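K.L.:
Given next are the chains, with one letter for each unit.
2 protein chains.
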Amino acid sequence: MTDPLQPGTTIGILGGGQLGRMLSVAASRLGLKTHIFEPGQNPPAADVAHRVTTASYDDNAALEQFASSVDVITYEFENIPVAALDRLETLCPIRPNRKALAVSQDRLTEKDFLKSLSLATAPYANVENLEDLKSGLAQIGPDAILKTRRFGYDGKGQVRLSETSDLNAALQDLGGAPAVLEGLVHFTHEVSVIGARGMDGQVACFDPGENVHRDGILHTTTVPAPLSTAQKTDAVLLTAQILNALEYVGVMGVELFVTHGGLIVNEIAPRVHNSGHWTQNGCVIDQFEQHIRAVAGWPLGDGSRHSDVMMENLIGNDVDRVSELVHQGVALHLYGKVDVKPGRKMGHVNHVVGPAGVQQS
Amino acid sequence: MTDPLQPGTTIGILGGGQLGRMLSVAASRLGLKTHIFEPGQNPPAADVAHRVTTASYDDNAALEQFASSVDVITYEFENIPVAALDRLETLCPIRPNRKALAVSQDRLTEKDFLKSLSLATAPYANVENLEDLKSGLAQIGPDAILKTRRFGYDGKGQVRLSETSDLNAALQDLGGAPAVLEGLVHFTHEVSVIGARGMDGQVACFDPGENVHRDGILHTTTVPAPLSTAQKTDAVLLTAQILNALEYVGVMGVELFVTHGGLIVNEIAPRVHNSGHWTQNGCVIDQFEQHIRAVAGWPLGDGSRHSDVMMENLIGNDVDRVSELVHQGVALHLYGKVDVKPGRKMGHVNHVVGPAGVQQS
Chain Z
1 MTDPLQPGTT
11 IGILGGGQLG
21 RMLSVAASRL
31 GLKTHIFEPG
41 QNPPAADVAH
51 RVTTASYDDN
61 AALEQFASSV
71 DVITYEFENI
81 PVAALDRLET
91 LCPIRPNRKA
101 LAVSQDRLTE
111 KDFLKSLSLA
121 TAPYANVENL
131 EDLKSGLAQI
141 GPDAILKTRR
151 FGYDGKGQVR
161 LSETSDLNAA
171 LQDLGGAPAV
181 LEGLVHFTHE
191 VSVIGARGMD
201 GQVACFDPGE
211 NVHRDGILHT
221 TTVPAPLSTA
231 QKTDAVLLTA
241 QILNALEYVG
251 VMGVELFVTH
261 GGLIVNEIAP
271 RVHNSGHWTQ
281 NGCVIDQFEQ
291 HIRAVAGWPL
301 GDGSRHSDVM
311 MENLIGNDVD
321 RVSELVHQGV
331 ALHLYGKVDV
341 KPGRKMGHVN
351 HVVGPAGVQQ
361 S
Chain D
1 MTDPLQPGTT
11 IGILGGGQLG
21 RMLSVAASRL
31 GLKTHIFEPG
41 QNPPAADVAH
51 RVTTASYDDN
61 AALEQFASSV
71 DVITYEFENI
81 PVAALDRLET
91 LCPIRPNRKA
101 LAVSQDRLTE
111 KDFLKSLSLA
121 TAPYANVENL
131 EDLKSGLAQI
141 GPDAILKTRR
151 FGYDGKGQVR
161 LSETSDLNAA
171 LQDLGGAPAV
181 LEGLVHFTHE
191 VSVIGARGMD
201 GQVACFDPGE
211 NVHRDGILHT
221 TTVPAPLSTA
231 QKTDAVLLTA
241 QILNALEYVG
251 VMGVELFVTH
261 GGLIVNEIAP
271 RVHNSGHWTQ
281 NGCVIDQFEQ
291 HIRAVAGWPL
301 GDGSRHSDVM
311 MENLIGNDVD
321 RVSELVHQGV
331 ALHLYGKVDV
341 KPGRKMGHVN
351 HVVGPAGVQQ
361 S
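Protein chains in written order, with the working numbering: chain Z, 1 to 361; chain D, 1 to 361.
Think of the hints as simulated: they come from the structure by calculation, not from any bench.
Values in this document were obtained by computation on a predicted structure and should not be read as measured data.
Incorrect hints may have been included.
In this list, chains with the same sequence are indistinguishable; a pair is considered to hold if it fits within one copy or across any two.
[Stated by the list, open to error] Lysine to any residue pairs mimicking SDA-like chemistry, simulated, CA-CA at most 20 Å apart:
{"id": "1", "residue 1": "K341", "residue 2": "Q6"}
{"id": "2", "residue 1": "K232", "residue 2": "P39"}
{"id": "3", "residue 1": "K341", "residue 2": "G8"}
{"id": "4", "residue 1": "K99", "residue 2": "S323"}
{"id": "5", "residue 1": "K341", "residue 2": "T9"}
{"id": "6", "residue 1": "K134", "residue 2": "T9"}
{"id": "7", "residue 1": "K341", "residue 2": "H189"}
{"id": "8", "residue 1": "K115", "residue 2": "F257"}
{"id": "9", "residue 1": "K156", "residue 2": "R321"}
{"id": "10", "residue 1": "K134", "residue 2": "G183"}
{"id": "11", "residue 1": "K232", "residue 2": "H219"}
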C-alpha cells in the first residue's frame with residue numbers, strides 16, 4: 001500500500017458538476033487540494049477548487065498537463081472516453097480503477113459481471129437488431145425495458161415496451177445504438193447502498209436508503225429504508241462482494257430492487273451517488289469524504305448514522321422553493337447553477353427528521 | 001430589509017486563513033461564490049474560493065476592484081486597518097458592521113461597551129503610562145493582567161502581573177502600546193456562546209461550550225458545557241443583548257467566565273470563532289453557514305445540537321497525530337497548511353461523543 005496523500009497534495013477530478021463540487025469540499029476538510037478537469041465553462045465545482053482546467057477529453061496536451069499536476073485522479077461520472085483514460089493512466093493512478101469503469105459504462109457488461117458473482121439481476125438479453133429484440137422478448141416476456149448499453153442516465157436512453165409496442169420504432173428511438181433488453185421487475189420498493197472500499201481492502205457501507213423516482217429522476221432518498229434485518233445484511237454483503245470483486249477503491253452506489261423473492265441489483269455507479277447525499281447531514285463522515293479518504297489512500301472514516309434524514313432533490317423549477325425552504329429547519333445544498341432547465345439538478349435539501357431510529361422491518 | 005443574495009452572487013471575505021476557508025465552504029453549500037482578499041501568498045482559503053486577490057490592505061486599487069466584484073463584504077478577523085474599511089464601505093456593505101469592529105478592535109472600548117449594557121466584566125483600568133498602571137493596580141489589586149488595547153490574540157500582547165512584578169518591564173514588554181489592566185477573575189471554568197443575528201433581527205445561539213486553553217491558545221471546546229439551566233439562559237440572553245445593541249449581522253463569539261457570583265464577559269469576537277468549530281459535527285447548520293446566511297440576508301438556520309462533541313485543536317506539531325487520528329472514528333478538519341510552526345493552528349478534530357445529552361448542572 002502506498003503512503004496516504006499528505007496535506008497540500010492534489011486530487012484530480014474528472015468532471016466539474018455538483019458531485020465534483022462536493023468532492024472538492026470534502027477534500028478541503030482533509031487538507032487536500034483539488035484540480036478539476038471539465039470541458040464546460042463555469043462548472044459548479046470551480047467555485048471550490050484550487051485549480052480548473054477547461055478542455056475537452058480529446059485534448060491530449062491538456063490531459064497530460066492535468067495528470068502531471070495531480071497526485072491521484074478520480075471522477076464524478078462514469079462515461080469518460082476510453083482514449084482519455086488510456087492517456088491519463090500512463091501518468092497518474094486512476095481510482096476507482098479501469099475495471100470498475102468498464103463494467104459500469106456498459107449495461108450488458110455490468111449484468112454479465114453481476115451474474116458472474118451469482119447476484120440476482122433483472123432477466124436480460126443482448127439486443128443488436130430486431131431479431132435479437134424479438135428473441136429477447138420471447139425469452140423474457142413482453143413487459144420489458146429496452147435500454148442503450150452506454151451513456152444512459154436519469155431515465156434517458158430507455159424505451160418501455162409492452163405487448164402492443166412497435167419494435168422497429170423502439171429501436172429507432174435509441175438511434176440504433178447497441179442495447180440491452182431488461183425484464184420488468186415487480187418490486188415493492190427501491191433501495192440503494194453507498195459502499196466504500198479503501199486501498200487497504202477495508203469495506204464500509206452507509207445505511208441503505210429508500211429511493212423514490214419521479215419522471216425517471218431520483219426524487220427522494222429516505223433513511224432508514226424499510227428493510228428487514230436479513231435484507232439489510234444481504235444488501236451490505238452483496239455490495240461488499242461487488243467492491244471486492246472489482247478490487248475497488250472509492251465510493252460506489254448500488255441500486256437494489258426489493259422483491260418478495262429477495263434483492264435484485266438494478267445498477268451500480270462507480271462514484272459518489274445522488275442517493276448518498278443524505279450522509280452530509282446524517283453521518284459524521286459523508287460519502288464525499290469517504291470517497292476522498294479512499295482514493296487518497298487514507299483509512300475509511302466513521303460512516304455510522306446519527307440522524308434519520310429525508311433527502312429531496314431540487315430539479316429545475318423546484319429551486320424556486322428555496323425562498324420557503326430557507327425558513328424551515330432543513331439543510332440546503334445548492335450547486336450554484338444560474339441557468340434553470342427542466343430536469344436539471346439545481347440542489348438538494350436534507351430534512352433531518354430526528355435522532356437515528358432503528359431500522360423498520 | 002434587502003433581498004437575500006441569490007445563487008451565483010459573491011461574498012467577499014477579508015482574510016484567507018482557516019476561518020475564511022470554512023466560510024467559503026459554507027457559502028458553496030448555499031450556492032454562493034466567495035472572493036478572498038488576503039495579503040499573504042497561498043492562503044488556506046484559496047483552495048476553496050472562486051477568486052482570490054493577493055494584495056495588501058493599503059493597496060487602494062486592489063481594495064476597490066475587490067469591493068466592486070462582490071455583493072457583500074465580511075471578514076474572518078477583527079484587526080482590519082480602519083483606512084481599508086473606510087475605502088471598502090463606500091463601495092459595498094460590510095457585515096458585521098463597523099460598530100462591531102470598533103468595539104472589538106480595542107479592549108478598552110469593548111469593556112466600556114459591555115459596562116454600558118450593565119454586563120459584568122473583570123475590573124479594568126486604562127493604562128497609558130506608569131502612573132496609570134500604579135493607580136490601576138491600587139484600585140484592582142496586584143493580581144492582574146496587562147494587555148495591549150489592540151492586536152492581541154491567542155495570549156499575545158499580555159503580561160501577567162503580581163505583587164513582585166517590575167512594572168516598567170511589563171510596560172516595555174508591550175512595546176509602550178496603549179494598554180488595559182484587567183483584574184484576575186477567579187472562575188471555575190470558561191464557556192463561550194456562538195451567537196448569530198440575521199438582517200431581520202432574529203437571534204439564534206448555539207449551545208454553550210466549555211473551553212480549555214493551553215499556553216494561552218484554545219485547546220478544547222466541549223459541548224454540552226457544565227452550566228445550570230439558569231446559567232445557560234443567562235449566557236444566551238446576554239449574548240442576544242450584545243448582538244442587539246450592536247445591530248449586529250453575522251456570527252459572534254462571546255467568551256464567558258463562570259464564577260460563583262455569576263457570568264463575567266471575558267471578550268467578544270465579531271466573527272466565527274474557534275470555540276464554535278464543534279458545530280460542524282454537532283449541528284445541522286454550523287457556525288460558518290449561520291454566518292453566511294446572516295451576511296447574505298438569509299434567515300438563520302436550525303443550529304440545534306444533535307450530538308455531543310469535544311473539539312480539539314491541532315496546534316503546531318499536534319498535526320503529526322493525524323496519522324493516528326485517521327484510524328479513529330473522529331471528524332478531521334485540516335487547513336491545508338504545509339509549514340508547521342509552533343503555535344500555528346494546523347487543524348482541529350471533532351470527537352463526536354454521542355447523541356445530544358442533557359445539559360449538566
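K.L.:
Does each hint fit the structure? Answer for all of them.
P.N.:
Consistency of the hints with the structure:
In the homo-oligomer, the alpha carbons of K341 and Q6 lie at most 20 Å apart only across protomers (17 Å), although the nearest pairing inside one protomer, at 40 Å, exceeds that limit. Proximity of K232 to P39 under the C-alpha cut-off of 20 Å is found in neither arrangement, the shortest distances being 40 Å within a copy and 53 Å between copies. In this assembly of identical chains, the alpha carbons of K341 and G8 lie at most 20 Å apart only when taken from different copies (16 Å versus 37 Å within one copy). In this assembly of identical chains, the alpha carbons of K99 and S323 never lie at most 20 Å apart, being 44 Å within a copy and 30 Å across copies at closest.
Taking the shortest Cα distances, K341 and T9 sit within 20 Å of each other only across copies (19 Å), while inside one copy they are farther apart (36 Å). Proximity of K134 and T9 under a CA criterion of 20 Å is satisfied in neither setting, with 54 Å inside one chain copy and 54 Å between copies. Taking the shortest Cα distances, K341 and H189 never come within 20 Å of each other, neither inside one copy (29 Å) nor across copies (55 Å). When the C-alpha separation of K115 and F257 is checked against a cutoff of 20 Å, the pair qualifies only within one copy, where the shortest distance is 16 Å, while the shortest distance between copies is 65 Å.
For the identical chains of this complex, K156 and R321 are neighbours neither inside a copy (26 Å) nor across copies (48 Å), given an alpha-carbon limit of 20 Å. Taking CA atoms no more than 20 Å apart as the test, K134 paired with G183 passes inside one copy only; the shortest distance there is 13 Å, against 91 Å between copies. Proximity of K232 and H219 under a CA criterion of 20 Å is satisfied in neither setting, with 22 Å inside one chain copy and 41 Å between copies.
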